[in-house]
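Go by the hints and put chain B onto chain A.
Same order as they appear, the protein sequences are chains A and B. The first sequence begins at 13 in our numbering and counts up one residue at a time. The second sequence begins at 13 in our numbering and counts up one residue at a time.
Derived by calculation from the structure, the hints in this document are not laboratory data. Please note that the accuracy of each hint is not assured.
To be verified - Residues from chain A that face chain B, not an exhaustive set, calculated with beta carbons under 10 Å:
(1) Thr-49
(2) Ser-338
(3) Ser-350
(4) Leu-357
(5) Arg-436
Claimed, not checked - Each computed DSSO-like pair below joins lysine-lysine, with the alpha-carbon atoms no more than 27 Å apart:
(6) B:Lys-134 <-> B:Lys-161
(7) B:Lys-264 <-> B:Lys-408
(8) B:Lys-202 <-> B:Lys-134
(9) A:Lys-202 <-> B:Lys-264
(10) B:Lys-202 <-> B:Lys-161
(11) B:Lys-215 <-> B:Lys-202
(12) B:Lys-264 <-> A:Lys-264
(13) A:Lys-161 <-> A:Lys-202
(14) A:Lys-264 <-> B:Lys-202
C-beta: ideal position from N, C-alpha, C; glycine also.
Number of protein chains: 2
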Amino acid sequence: MPARPVTPGGRVRNMTEPNQRGPLRAGILVTGTEVLTATIQDRNGPWLSEQLTSLGVELAEIVVVADHREDLRNVLEHMRAVGIDLIITTGGLGPTADDLTAEVVAEFTGRELELDRGMERKIQQILSRFAASTAMTVSAEGVNAANRKQAMVPRGATALDPVGTAPGLVVPGPDGQLVLVLPGPPRELKPMWSSALELPQVKEVLARATPLHSYRLRMFGTPESELAMELRGIEADGGTLDDLEITTCLRKGEVEIDVRYRDGAEAAADALRDELQSRFPRSLYSLDGTTIDEVVAGLLQEHRLGLAESCSAGLLAARIADIPGSSDYFAGGAVTYSDRSKSGLLGVDPDLLSRYGAVSDEVAEAMAIGALERFEADVAVSVTGIAGPGGGTEEKPVGLVCFNARTAGGESRAVSPVIPGGRRDVRERSALVGMHLLRRLLGG
Amino acid sequence: MPARPVTPGGRVRNMTEPNQRGPLRAGILVTGTEVLTATIQDRNGPWLSEQLTSLGVELAEIVVVADHREDLRNVLEHMRAVGIDLIITTGGLGPTADDLTAEVVAEFTGRELELDRGMERKIQQILSRFAASTAMTVSAEGVNAANRKQAMVPRGATALDPVGTAPGLVVPGPDGQLVLVLPGPPRELKPMWSSALELPQVKEVLARATPLHSYRLRMFGTPESELAMELRGIEADGGTLDDLEITTCLRKGEVEIDVRYRDGAEAAADALRDELQSRFPRSLYSLDGTTIDEVVAGLLQEHRLGLAESCSAGLLAARIADIPGSSDYFAGGAVTYSDRSKSGLLGVDPDLLSRYGAVSDEVAEAMAIGALERFEADVAVSVTGIAGPGGGTEEKPVGLVCFNARTAGGESRAVSPVIPGGRRDVRERSALVGMHLLRRLLGG
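Chain A with its partners taken away, still in its complex shape:
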């Protein structure tokens, strides 16, 4: 199937449909009123989706429901009706009465719940350790009732040892499908998923999936529409994209390109990567999913960085410091939000400020020079702009941001784009542009 154009307006499109359906389909059932009501964001669905993709399993759907018996049951029946082979549930395994998942799955698979005495002892031990560590007052009676509930296992199912206090379950379904019952907290779910993959009955199901390979490219400074045009150009020039699933996505100011393919399409996948690299030599900066923060961290080794931020106000510093080991090359930054602090901390000439204004190429340059000096750095970047909503003029609109990146040796790069969007967009995009300017200065 040919690559299709990106919709005007910057919408994200899946450009080619998967060229072949995997024989194994999975469904994810996320339970929890707090997720359904948007009180918390579901992180398990997307995480499991990535795991399944890497195993070559096609994910058919993710369903979020509240902890209501009937709703849970209806979704399980629906997944059965549409022929899903692997049902994964998350959440609803706690000790309280609204934790219903194990019970509903037992009903759905037609298996009676039985007390697993070994599991009961394990949970008891975990709870007593927990109570001791927090000096919590717990009634023995309440705890016993609660953990007896958590130790109930459908007949014929396999219990997975708790990571927190709740065991997971692997339950054979009514028509040969498998139901994998996992806890809700991500830090419990992830290790338990790994344990589940070791079980023979899970391995047997997953063996039916055909492996899927993938890579991720990242671009900065090329609109998605131009990428879509080049993809069509590659096809017109005889390149074949038929066996590749290409997803492009605008994320945080960059374009991500995910390419997925099955065995046999390696050559086409490699050719596409080479072709994109030669068509976008400047903007395609990551061939292996490495982020701009990681690229810049690599380039900064053996350097000493100083920052001067106004409108981004610490966001650039925070990105630099987010990388472990950054204290080796990050000397520090000045967040100079007022004119007085630009002069006081960075030595920006007050005349310059009054003549050109705080948001100007001249002041950006003076700020970067000040950062080099102040932090005894050999590389510096400055950011000064109008984040809005107020403060814009006809000459200097909201979104105008001036950047200056320079080395102690006198090399420099400067840009002053007008960044679209609201206050937060302008500030976050400023930090991103600052990172890319650093990359270009350091030759990455």
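Coordinates of chain B only, in the frame set by chain A:
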């Protein structure tokens, strides 16, 4: 139904089930391979969930599927089977062949697609403006085919004017339910949702919902388990929570308490808020959902703030500057990541650094004093800590963070907790603790 205890281990629980089911139930169908594969995060489901809640509509489920005809159809049939009254779809309205939603909804509702000539003209105008503004080369033929597809409306349905290029649809379903078809990009979906609410047929359905009221409280410094205990205490003391749906959620280091209730339960809801306020006079800081950043912004009016950050490295400055108008009171901050910059920028005595170490109450105090002076501020906060993964010792473990908040008048607050978690957790929590220390210093 009594409030139930929070599960040990910090898990989030819905504490009481809704005491009554609304007569009107909705389902959300999110379409898009990019969402299902976790390439992008779905923001429409949670946003629509909040909108529905505020209208008193009970949301039964959110389902995410790829742009596959059969999968879409199956979910619609499932929603019909479980008696959902209002089906809202998002995505799949673009001009390309994998945009299937309108077609599948037409089939599902048994209505033929007809070309809406007026809509066709509207889309043509939008596309020509778009092409002109981007100097894009588009083939007239391709554009015509694409916008004709987007202008197809199921017979008897109402088309909603495009916000981007795709019109939305309101389609009466086979058993009296209503299908609301909305575009995928959030900035198109949100305005179109508002337009849809104005339509008589949508109003008629929504009139069957019983209004739901809610408020949100925020706490800092009290574990969720203690809150659960107090809620049980309130019931034991004769308070009634039966008519309230209480959801507690640990979010970014704070506890959020959402209380929802229907007409008639106002007195119980007010009583609960008063009771919690008297039981948590220190930690319950927001009675109306106001965030700590907003509370601090209010307290900082007429002040002049300077910051001194080491391990949080700009995150505190970024939170302060995130609030529009912060330039009125935010002078600036020094991100002093190295010892040299702590002395150079903030005037911290090198002897102090060598005697006590950069992470110490003494250095935190000197940093805050330096920030007061440097920024000519009357309020300052400093943060210095060990974010990890390296750098910890037995005496000063990873996660130890020293804070000092002070006024030019000599009032001060200091804390030095050991913050659990990874590098990012420690840094983000540091910024949060810094905000709360400011609040306490300024008497909020």
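So, going through the hints one by one against the coordinates:
no., hint, in the structure
1, Thr-49, "holds, 6 Å"
2, Ser-338, "holds, 8 Å"
3, Ser-350, "holds, 5 Å"
4, Leu-357, "holds, 6 Å"
5, Arg-436, "holds, 7 Å"
6, B:Lys-134 <-> B:Lys-161, "holds, 13 Å"
7, B:Lys-264 <-> B:Lys-408, "holds, 24 Å"
8, B:Lys-202 <-> B:Lys-134, "holds, 20 Å"
9, A:Lys-202 <-> B:Lys-264, "holds, 20 Å"
10, B:Lys-202 <-> B:Lys-161, "holds, 23 Å"
11, B:Lys-215 <-> B:Lys-202, "holds, 17 Å"
12, B:Lys-264 <-> A:Lys-264, "holds, 21 Å"
13, A:Lys-161 <-> A:Lys-202, "holds, 23 Å"
14, A:Lys-264 <-> B:Lys-202, "holds, 20 Å"
The structure agrees with every numbered hint stated previously.
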